[in-house]
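**Student:** For reference, the chains in residue letters:
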Amino acid sequence: MPHDHAHGEHEALIIEDEAGNIDAQIVVDALQQVLIAKGLLTAHEVTAAIAKLESPGLHLGAKIIAKAWSDPEYKERLLADGRAAVQELDIPVTEARIIVVENTAQVHNLITCTLCSCYPRSILGQPPSWYISKAYRARSVREPRRVLKEFGLDLPDDMKLVVHDSNADMRYLVLPEPPLDFKTLAATDLEAMVSRDHLIGVARDVA
Amino acid sequence: MQDDKGSKGYHDVGGDPAGEIPKVDLPWLHWEKQVEAIRGLLGDGTRRIVSLDEVRRGFESFGIDKYNSLSFYRRRLEAMTDILIEKGIVTQAELDSAIKAGTTRWSNLDETP
Amino acid sequence: MTRFAVGDRVQVLALRKEGHVRVPHYVRNQTGSVTEYCGTYLNPEELAVGKTSGPAVDLYRVAFAQRLLWPDDLIPAQDTLVIEIYDHWLTPAQEADHAP
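Residue numbers (numbering that gives the first Met the number 0), protein chains in the order written: chain A, 0 to 206; chain B, 0 to 112; chain C, 0 to 99.
To be clear, the hints were calculated from the coordinates, so they are not data collected in a lab. Errors might be hidden in some of the hints.
What the hints assert, rightly or not - Below, in silico cross-link-like pairs of lysine-lysine (DSSO-like), each with a Cα-Cα straight-line distance of 27 Å or less: (1) C:K16 x B:K65; (2) A:K182 x A:K74; (3) C:K16 x B:K7; (4) B:K32 x A:K51; (5) A:K74 x A:K62; (6) B:K65 x B:K4; (7) B:K4 x A:K37; (8) B:K86 x B:K32; (9) B:K86 x B:K65; (10) B:K7 x B:K65; (11) B:K4 x C:K50; (12) A:K182 x A:K66; (13) B:K32 x B:K7; (14) B:K22 x B:K86; (15) A:K62 x A:K182; (16) C:K16 x B:K4; (17) A:K37 x B:K22; (18) A:K37 x B:K32; (19) B:K32 x B:K22; (20) B:K32 x A:K62; (21) B:K7 x B:K86; (22) A:K159 x B:K22; (23) B:K7 x C:K50; (24) A:K74 x A:K159; (25) A:K148 x B:K32; (26) B:K32 x B:K65; (27) C:K16 x A:K37; (28) A:K148 x A:K37; (29) A:K37 x A:K51; (30) C:K50 x B:K86; (31) B:K22 x B:K4; (32) A:K66 x A:K51; (33) A:K62 x B:K22; (34) C:K16 x B:K86; (35) C:K50 x C:K16; (36) A:K159 x A:K148; (37) B:K99 x B:K32.
These figures come from a predicted structure and were not determined experimentally.
Starting from the given sequences, assemble the full structure and let the hints guide the process.
**Tutor:** Here it is in structure tokens:
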């Protein structure tokens, strides 16, 4: 049975122990078996679906950001219609819409989903565990500056902080400011500088 | 003066007091991917059997104890199962039988030298 | 023709709807500004109970001053929160003066 490991003043993330993981594997296998027996799925479909789920990740997000930094017209298209611009790079997007929010010298953006864990999964893969935690979801909207401090980001008081709660059909990516020497760097170098934390907004400065 | 805003679900945590954010990034396990894969297939254009909205309703209806005691992907698995049973697509008995068989297989594996 | 335009001041209703809703408590009864019209989407409240044939609903992004959302906290005046709200949860704001 899964149980809460860390008891304390803070809300822990519920993490399965080994028994919990085995139990869950048995249950999902049982469910899959029952569904296959009813002709609703095939094992091959599940395997293929898992492979598809595994393929997106940070590398795709980094590719989008690096392209936006190097190509101003692409950046404008990305900000106007994120989904279409991402698909230009042969990245399949399943979300209805992707909104890319741009950091500037005056503005910093932070993404959250207070109700569950909405995240641009078809581009970035699964969100980090902390993003799903109750503590992040609860505090990211109310005290985002303190949350950012916990991630090591101290925003100036006069900077504008915009928090985006992705509670409905939109999904968000933060476009961080480029590094100062971005014009001299190759695409692969630019891509290497982008982390998932930048894309969610808990980090700001790119290398 | 506090207006009555209707009942607040336990999942509706925006603004609630909470402690330090657990800075962990756990690996995504096979069973967790399988849960998402199955949910995605059941919700796809050819099937439309369980939608993400129904899964959300599912875990929002667990009750606070169940919600607080399950990991994120276990919640998704339980919610999906609840919806499938609710809709009569699978029965608890069918599931229990398959789980029992699976548990036996697993423990046999353990005993194999 | 959508009910609201970008820039309109709107208030989020505190509909006492049971079941699955996507409007968090912290924005109910709050007043903000429409920043974007997102298009029409099937209503998750209906989808959650398997009703897939209903009409699509207009969805808007609405920005709120964080200071107004959390009046007891010390927050810079320029900080905002933006969230997506479906048309039936919004009403035109009745205000004497306009907040930023």
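**Student:** Does each hint hold? Answer for all of them.
**Tutor:** Hints versus structure:
no.	hint	verdict
1	C:K16 x B:K65	holds (23 Å)
2	A:K182 x A:K74	holds (15 Å)
3	C:K16 x B:K7	holds (10 Å)
4	B:K32 x A:K51	holds (10 Å)
5	A:K74 x A:K62	holds (12 Å)
6	B:K65 x B:K4	holds (25 Å)
7	B:K4 x A:K37	violated (44 Å)
8	B:K86 x B:K32	holds (24 Å)
9	B:K86 x B:K65	holds (21 Å)
10	B:K7 x B:K65	holds (17 Å)
11	B:K4 x C:K50	holds (25 Å)
12	A:K182 x A:K66	holds (12 Å)
13	B:K32 x B:K7	violated (30 Å)
14	B:K22 x B:K86	violated (38 Å)
15	A:K62 x A:K182	holds (16 Å)
16	C:K16 x B:K4	holds (10 Å)
17	A:K37 x B:K22	violated (42 Å)
18	A:K37 x B:K32	holds (21 Å)
19	B:K32 x B:K22	holds (22 Å)
20	B:K32 x A:K62	holds (24 Å)
21	B:K7 x B:K86	holds (26 Å)
22	A:K159 x B:K22	holds (25 Å)
23	B:K7 x C:K50	holds (23 Å)
24	A:K74 x A:K159	holds (21 Å)
25	A:K148 x B:K32	violated (32 Å)
26	B:K32 x B:K65	holds (21 Å)
27	C:K16 x A:K37	violated (36 Å)
28	A:K148 x A:K37	violated (52 Å)
29	A:K37 x A:K51	holds (24 Å)
30	C:K50 x B:K86	holds (13 Å)
31	B:K22 x B:K4	violated (33 Å)
32	A:K66 x A:K51	holds (24 Å)
33	A:K62 x B:K22	holds (25 Å)
34	C:K16 x B:K86	holds (23 Å)
35	C:K50 x C:K16	holds (16 Å)
36	A:K159 x A:K148	holds (15 Å)
37	B:K99 x B:K32	holds (22 Å)
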